[in-house]
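A.B. asks: All chains should be built: construct the whole structure from the sequences, respecting the hints.
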Amino acid sequence: MSGTGVATAPDQAFGEKFCFQFGRLLDEADQARVAYAKAEPFPHIVIDDFLTEDVLIEAIAAFPTADAPIWQNDDFVISGHRVSLKKACCDELRIPVPIRKILRELNSSMFLRYLSTLTGIPNLLADPSFIGSGMFLIEPGGFLNVHADFNVHFLNKLDRRLNLLLYLNLGWRDEYGGHLELWRRGQAGAVQSILPIANRCVIFSTTDHSFHGHPAPLTCPPGRSRNCLSVYYYTNGRPDEERSEAHNTIWTPNPLSR
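Our numbering puts the first residue of the sequence shown at 7, with every later residue one more than the last.
For the record, the hints were derived by calculation from the structure and aren't laboratory data.
Incorrect hints may appear among the rest.
What the hints assert, rightly or not - Per label pair, the in silico range of CB-to-CB distance: (1) Gly-126 - Lys-163: 32 to 40 Å; (2) Asn-79 - Leu-161: 20 to 28 Å; (3) Gln-78 - Ala-194: 28 to 36 Å; (4) Glu-247 - Asp-36: 34 to 42 Å; (5) Arg-110 - Asn-79: 20 to 28 Å.
As the list claims (entries may be wrong) - In the SDA-like style, the derived pairs of lysine to any residue whose C-alpha atoms are separated by at most 20 Å in a straight line are: (6) Lys-44 - Glu-187; (7) Lys-163 - Asn-242; (8) Lys-44 - Ser-199; (9) Lys-163 - Ile-256; (10) Lys-44 - Glu-248; (11) Lys-23 - Val-83; (12) Lys-44 - Cys-207; (13) Lys-107 - Ile-63; (14) Lys-23 - Met-116; (15) Lys-44 - Asn-169; (16) Lys-44 - His-215; (17) Lys-107 - Asp-60; (18) Lys-44 - Ile-127.
Cβ coordinates follow ideal geometry from the N, Cα and C atoms, glycine included.
C.D. replies: In structure tokens, the structure reads:
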């Protein structure tokens, strides 16, 4: 046992093979917890080689193309300015089985325990309804303005505490754009710029100050897209210093994507 409170033996010791590198995550949890807490501009961590190789290959092959009928267009206009141009699917029954298996493991009790160890947030809860989460696809020219997320679940009224983003973009190049930008409150410009390469997982704390997005229009070649899985985690209550009235997404206007 380690300080994580969960055995750090290889995955086989749990009697099953996980979609992600669970044994490695547990082995690195103590070190990752320190890095997470110190990260700027708000607590976060980037984990590469997150899924096992076979699961990654299956997920990329199963990810729906841009013309698939499952997508809902998320094209939002706020105060006369378009702030988002992407596609989303949060219907679990329409999500391909290889991807559905990944999402279910990311919502499992064992992974929730790992997340609590990593972030210091106890008693995390999954959202099996996938409100605002699931699969996302952004085509060339698409973008997602910098924003802070809604803070209270629309149905169960739990407090939103964590985002997990998992990218499925094989062979993604820097010139394609689509970097996840993390901004400091009150300052224009990215403190962190994270390339959305295949099998890269980003986990970060969600508060009214955790501004993030990909505001520059995507410049990947025609026929390619920025593909991502998104999972959100909640608690029943949150620290007093993080409390605010329930609100929807807080958008930050950005001239790059108008």
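A.B. asks: Take the hints in turn and mark each one as holding or not.
C.D. replies: Tested hints:
no.	hint	verdict
1	Gly-126 - Lys-163: 32 to 40 Å	23 Å, violated
2	Asn-79 - Leu-161: 20 to 28 Å	23 Å, holds
3	Gln-78 - Ala-194: 28 to 36 Å	30 Å, holds
4	Glu-247 - Asp-36: 34 to 42 Å	26 Å, violated
5	Arg-110 - Asn-79: 20 to 28 Å	26 Å, holds
6	Lys-44 - Glu-187	17 Å, holds
7	Lys-163 - Asn-242	8 Å, holds
8	Lys-44 - Ser-199	17 Å, holds
9	Lys-163 - Ile-256	18 Å, holds
10	Lys-44 - Glu-248	18 Å, holds
11	Lys-23 - Val-83	44 Å, violated
12	Lys-44 - Cys-207	18 Å, holds
13	Lys-107 - Ile-63	13 Å, holds
14	Lys-23 - Met-116	13 Å, holds
15	Lys-44 - Asn-169	17 Å, holds
16	Lys-44 - His-215	16 Å, holds
17	Lys-107 - Asp-60	13 Å, holds
18	Lys-44 - Ile-127	15 Å, holds
Checked against the numbered hints given earlier, this structure breaks hints 1, 4, 11; the rest are met.
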